[in-house]
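Undergrad: Single-letter residue listing:
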Amino acid sequence: NAGVTQTPKFQVLKTGQSMTLQCAQDMNHEYMSWYRQDPGMGLRLIHYSVGAGITDQGEVPNGYNVSRSTTEDFPLRLLSAAPSQTSVYFCASRPNSGGYNEQFFGPGTRLTVL
Amino acid sequence: KNQVEQSPQSLIILEGKNCTLQCNYTVSPFSNLRWYKQDTGRGPVSLTIMTFSENTKSNGRYTATLDADTKQSSLHITASQLSDSASYICVVGAGDQFYFGTGTSLTVIP
Chain A
1 NAGVTQTPKF QVLKTGQSMT LQCAQDMNHE YMSWYRQDPG MGLRLIHYSV
51 GAGITDQGEV PNGYNVSRST TEDFPLRLLS AAPSQTSVYF CASRPNSGGY
101 NEQFFGPGTR LTVL
Chain B
115 KNQVEQSPQS LIILEGKNCT LQCNYTVSPF SNLRWYKQDT GRGPVSLTIM
165 TFSENTKSNG RYTATLDADT KQSSLHITAS QLSDSASYIC VVGAGDQFYF
215 GTGTSLTVIP
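First to last, the sequence lines map onto chains A and B. Using my numbering, you'd call the opening residue of the first sequence number 1 and step up by one each time. Using my numbering, you'd call the opening residue of the second sequence number 115 and step up by one each time.
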């Protein structure tokens, strides 16, 4: 199993550009989520999905869109990039929404917005 | 307010020595507490998960303790190795939500 994979690993954007961060998992997990990690702050939840076709907002959803057309994939779209979105983005998955489940993280995408 | 605080913020120890990292939380209702290890440039990897009824959990040289009464947890690392250099993150679960600490950055030097 590859686990949780993310592409790209690094990305530089100009203000106003759009892009999609890719996330895929091969563990047949129902629950997937996107976090951002900023210096001096804990990971913050952007969006999550409890299954294909179902998504919901997390703590910091503004400026981001998600969709979940398949169990495996959960892309994160930046609509119009802003310098405040410079961060490291992690995708994670777990079997279901049960709180005790093991959560697996991808390797991260480091995004810089100029 | 649900918060997770970790101390110290950073720590430097000699290879072979032991160390203890602290986590205090005010999350309610409490479901579980996790410790993650995050190597530089990588995603967090789970070390331990503890529920309300568990007060100790080990994973090799890592031992986590939980005192649900005082809302404190610690992660003890025994006989540290250079590969233990990483950030250690405490995460408290409340239902299906997670609250993340800011991490303790550990550096092990030869």
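Don't take every hint at face value.
[To be verified] Distance condition first, Cα-Cα at most 25 Å in a straight line; then the derived SDA-like pairs of lysine to any residue:
{"#": "1", "chain 1": "A", "residue 1": "9", "chain 2": "B", "residue 2": "156"}
{"#": "2", "chain 1": "A", "residue 1": "9", "chain 2": "B", "residue 2": "171"}
{"#": "3", "chain 1": "B", "residue 1": "115", "chain 2": "A", "residue 2": "38"}
{"#": "4", "chain 1": "B", "residue 1": "171", "chain 2": "A", "residue 2": "96"}
{"#": "5", "chain 1": "B", "residue 1": "185", "chain 2": "A", "residue 2": "98"}
{"#": "6", "chain 1": "A", "residue 1": "9", "chain 2": "B", "residue 2": "200"}
Keep in mind that the hints were calculated from the coordinates and are not lab data.
Undergrad: Take the hints in turn and mark each one as holding or not.
TA: A quick look at each hint next to the structure:
{"no.": "1", "hint": "A/9 to B/156", "in the structure": "10 Å, holds"}
{"no.": "2", "hint": "A/9 to B/171", "in the structure": "33 Å, violated"}
{"no.": "3", "hint": "B/115 to A/38", "in the structure": "20 Å, holds"}
{"no.": "4", "hint": "B/171 to A/96", "in the structure": "23 Å, holds"}
{"no.": "5", "hint": "B/185 to A/98", "in the structure": "22 Å, holds"}
{"no.": "6", "hint": "A/9 to B/200", "in the structure": "19 Å, holds"}
Going down the numbered hints, you'll see the structure goes against just number 2.
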